[in-house]
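Undergrad: The task is simple: from the sequences and hints, build the whole structure.
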Amino acid sequence: MRARAEFETDFRRLFDERFASLFRYLDRLSGDPELAADLAQEAFVRLYDRGAMPDDARAWLAAVAANLFRDERRRAHRHERLLAGQPAELTLGAPPAASDLVMVANERRADVRAALDVLPLRDRQMLLLRHEGFSYREIAQALDVAEASVGTMLARATAAFRAAYMEAYGAPD
Amino acid sequence: MHPTDAELGALLVAPAHDTPPHGPRASAAVERHLAACAECAGRLAMLRREHEEAADLLRALDHPPPPLRADAVLARARRRRGVRIGPIAAGILLTAAAVAAALPGSPLRRTLADAVASWTAPTPARVAPGGIVPRAERPNVGVAVMPGASLDVRFARWQHGGTLRIMIADAPRALLVAPAGTAAFSVRQGQILVDNGDSATFTLTVPRTLPLVRVLVESTVVFRRSADVPSPALPPDGAYTVDLATPPRNAP
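Chains as they are written, first to last, in our numbering: chain B, 537 to 709; chain U, 4 to 255.
Just so you know, these hints were derived from the structure itself, not from any lab. Heads up, a few of these hints could be off.
What the hints assert, rightly or not - Footprint (simulated), chain U over chain B, 3 or more residues, beta carbon under 8 Å:
1) 538–552
2) 563–570
3) 599–608
4) 663–675
5) 691–703
Each residue gets a CB set at the ideal place from its N, CA and C atoms; glycine is no exception.
TA: Listed below in structure tokens is the structure:
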């Protein structure tokens, strides 16, 4: 009982410290703030289900979030394939298209998104985790890659991201 | 020997927190090398500039995080845990009831039988007034939005019947669904536009932390909740109800 209370205290503190960062990471990764909010929340629910704090809670949350995002992408792709085989149908009362739900993106956001999407998913994750202040070790743990290779992969991802942006839009302001 | 970009990159973010890929000794060696090698110090400065440029670009992607509290997530986690534990608890009770039933005269017999009955009895189907089809038996249509500082829900017209139920919840998104009747939804900045039918009913869930929410029918404000003004007392059923019927029908 006491252990559970201590866990919940730790949980609250971790949530206050890490939720915004996890949301930002997922928002940047997906380009969909609603999905990011859902996945970030789900990652914390899974932490609660676990019932104990992992050794590196930050890396653990990022790993769970990465898995959730990958599952969501698979589900979305499957859904798109299914829809592609169906005749177009728009009935009264159908929810608006997903793009209607997203806040109007400004031009710069669209440019950055396009440059980021050039990167393979793992490079994108690595770059975004680094910009959330993750260490090489935490990135390795979150993405299940060798720690010794993180620095090289990260340098490559950063260069590719900047090159993709500059090639299309010139040097950043 | 000059350090690689990967080794220098480890120094860009929270170096005190980082474990360099080749261990602390390599890190100290890199630091010593940087102090003595202007070329590598220049490379590090360039990497730092590129890192900052990338950080600036990435900031352009950001949206404000949802105003979600730890309590809300804990409540959701506990609810889900309860759903999973429920069948297990029912199984334990069934087993205990069977044992109790084998002991005639046991005072536990009736108590456990009652408990088992309450766990296993099917939930009676809820029939909404006016023949409205319950939510679970009819696919919902609706829209969810992540509101900013305010939200207007605008209904295109008065109806001949139907209501809007408004609930306040610890949720990041506003959710408007039409459990009965027909309606089409579209979303604009800070607004949900509803092309409503003749007698549809709606349920609106509003994030508790949203500073301002208004509901309008045509151009008449029929509901307003603002952080600056005390909200009207919440009815016992936990939801405000707004009549969407035409004004003449409401008139005495």
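Undergrad: It remains to establish, for every hint, whether it holds in the given structure.
TA: Quick rundown of the hints versus the structure:
1. 538–552: Check passed, 5 qualifying residues.
2. 563–570: As far as the stretch 563–570 of chain B goes, the hint holds, because 5 residues have Cβ atoms under 8 Å from chain U.
3. 599–608: violated (count 0)
4. 663–675: holds (count 9)
5. 691–703: Since 6 is at least three, the answer is holds.
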